[in-house]
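There are 2 protein chains.
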Amino acid sequence: MKNGEIIAVGSEILLGQITNTNAKFISEHLAKIGINVYYHTVVGDNPNRLLNAVKVAETRADLIIFTGGLGPTKDDLTKETLANHLGVNLEYDEKALRSIENFFAKRNQPMTENNKKQALIFSGSQCLPNDTGMAPGMFLTKNNRTYILLPGPPSEMQPMFTTYAIPEILKGIENVEQIESRVLRFYGIGESKLEVELEDLIDTQTNPTIAPLAVDGEVTVRITAKHALDDERKHLLDETEEKILVRVGKYLYGYNETTIVNEMGKLLQQKNLTLAVAESLTGGLFQEEVTSIAGCSKWFKGGIVSYAPEVKINNLGVKKETIENHGVVSEECAKEMAENVRKLMDTDFGLSFTGVAGPGSLEGKEPGTVYIGVSVKNKPTKGYYVNLFGNRESVRVRSVKHGAWLVYNALREID
Amino acid sequence: MKNGEIIAVGSEILLGQITNTNAKFISEHLAKIGINVYYHTVVGDNPNRLLNAVKVAETRADLIIFTGGLGPTKDDLTKETLANHLGVNLEYDEKALRSIENFFAKRNQPMTENNKKQALIFSGSQCLPNDTGMAPGMFLTKNNRTYILLPGPPSEMQPMFTTYAIPEILKGIENVEQIESRVLRFYGIGESKLEVELEDLIDTQTNPTIAPLAVDGEVTVRITAKHALDDERKHLLDETEEKILVRVGKYLYGYNETTIVNEMGKLLQQKNLTLAVAESLTGGLFQEEVTSIAGCSKWFKGGIVSYAPEVKINNLGVKKETIENHGVVSEECAKEMAENVRKLMDTDFGLSFTGVAGPGSLEGKEPGTVYIGVSVKNKPTKGYYVNLFGNRESVRVRSVKHGAWLVYNALREID
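Sequence lines, in order, name chains A and B.
Numbers 1 to 415, taken from UniProt numbering, label the letters of the first sequence in order.
Numbers 1 to 415, taken from UniProt numbering, label the letters of the second sequence in order.
Do not rely on the hints blindly, as some may be mistaken.
Any copy, or any two copies together, can satisfy a pair, since identical chains are not distinguished.
Unchecked claim - In silico DSS-like links for lysine-lysine, alpha-carbon gap of 25 Å or less:
(1) K243 - K79
(2) K382 - K106
(3) K106 - K116
(4) K243 - K365
(5) K116 - K193
If you're looking for bench data, these hints aren't it; they were derived computationally from the structure.
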């Protein structure tokens, strides 16, 4: 099993209503396990054209992965078209059927026939459970080719692919040169500055390769090594990482798919400290990111979204004079917000955000003007000014990262 | 010229490093001018596989649009491969060549030979100028087929396609049947229930077509009409919409790219009413969505993220007995949260969320168990129980939608 093709089924993609992000996700994961993808195809909800796409793919690939067309409606026909083409029967997967029945039973809703149909899988195939939806996927090897069928919604496809399909694929291959990447995440250093620091490494290195990338105020460096042996790959990555960190290690906050908020949370938990937050321009974005982390209740207590000035005064206890003299977009206001929310919620850390997200200016200050307050128990409260780049959304996202970075650094200073 | 296929050339797409957003952009624009796109293909920077993709496309399309592979480097070979296949010569486009020369002269840099090569276009083709980069595109009709070559970077491809390629395409078709879509957005009805309600319409309708889609707890219905005349298309859409709304109109909340939170905000602003929010399991997600709307300060004052039980008691004034007797995951707690946050922030509406986002259960209640409180000034506060489906993220997203839907409905009842 070496040559892959990904076929996305869905007229909505051909109409330009949605982007085929599934192909990217699958390709990325196949690259990591050394499987070449030579073609992506997108075809609509039409059995003849789908059949045409399958026949073309069979001339050039031995691993064909389908996304979409497994749902309950009439235009979902990937399974039926393929069963017909391959000459296999459809049979109910008992487990999948029970899970669909449970779904409706729980909601006291009757299960219609078209929903039941989702539990049909190819006879002789491996069922790939759907942990986040109803339609199961399947894995079938026939005529020396492997066919994998996955649902279309990314929230169902992604966990099914990584949890159930990848292990099945790996069973069929051995001793391939695998690709392994490690992403180092930096904050507080610009992309061009980082690139200058690492220039000679980037230019001379071939295995691993080193690729910097800037996204929303932070910079990542992807190190990618190629080797058949796990230990050797790891060794190559370690060696290169060390060379990089000697130069820019103080800006490193984490590895791979983490976030600054996540790393801040880990440190709070390690040190057994708690946090409360007061948000104005970020309007709940910081706390939303915090509470998307399961288990955050160990270190996060809550906060106040003080969008209106009167909420800052009445509910957060910011002094009226502070706002009259300095405005809500000020270091003074940020400091009172941080200190007061910490006291109100009885935590070790208080963090606050106030500023101008845009599109309009506020109190004569331009969008991107942001003040962040950090209050630590038994220490003087600090206020920070930052000027952030981008539109409303971007300013909010960058504010959240900067706030987390400030708390993260304050935490590193505490034993 | 009726059947389109889009071929994106670039190994970085097959490696999953970038998403093929070009195909979406082009498809969307072709749909508007009535051209059917039946396939998307992605192929790497390899002449043999590219040639294979072209040959396949020629069996099923008479408009083939290429993106990528027009740049100066060695792996840019779309132009050469195609010239060879079609038996056409490459010749310099004088205007494009001068524009590239100017680019380097302006920067005081020498122009290398490989950069010059970018100005080569097919003999007999129309040159499509590149206003935002160097490599021009081209438009060639040969053997009753049209070939359009566009650069890969979206910042170059998009303006070239809309400014120069679309007018060329339109010259080749008259009295074009254009496609127009309208999306109706529903909440509170499942996809299969909605499909049953509309089944005969969906089955018998051909123009407009009717396509339901379920995403994260809501259902959309896309009506797509085809007609050469603007008025007629609008009439077709209106007529079908009316038929649909007679049956399921009470679940409609908006059209096209809006959200329930957005529609709720519009109603609050229209009626000159204000909102405050108390969030537990949603942890700021509702308020984050609210404050991503520019101008929300007219109707949104703020809120409290009461993640820890003691914040519910100390900062939000939920009675200790309520939590002892009913737990935090209860209708009683939700009602007190909604009413108290409304009073604390002196608003007309108070909305609250408490429940189990998962992955673990809480107070013996399963993930997906959610209570929402809605408090309206001078009315009895109401509590609602919902059982929501999905993982932690999905439960939170669906909670937010459900809360906004409840406020939206309460607002519709107010004159």
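Hints versus structure:
1. Proximity of K243 to K79 under the C-alpha cut-off of 25 Å is found in neither arrangement, the shortest distances being 50 Å within a copy and 32 Å between copies.
2. In this homomeric assembly, K382 and K106 come within 25 Å of each other (Cα to Cα) only across copies, at 23 Å, whereas the closest approach inside a single copy is 51 Å.
3. For a Cα distance limit of 25 Å, the shortest separation of K106 from K116 inside one copy, 16 Å, qualifies, whereas the shortest one across copies, 66 Å, does not.
4. For a Cα distance limit of 25 Å, the shortest separation of K243 from K365 qualifies neither inside one copy, at 42 Å, nor across copies, at 50 Å.
5. Taking CA atoms no more than 25 Å apart as the test, K116 paired with K193 passes between copies only; the shortest distance there is 14 Å, against 57 Å inside one copy.
Hint compliance for this structure: hints 1, 4 are not met, and every other hint is.
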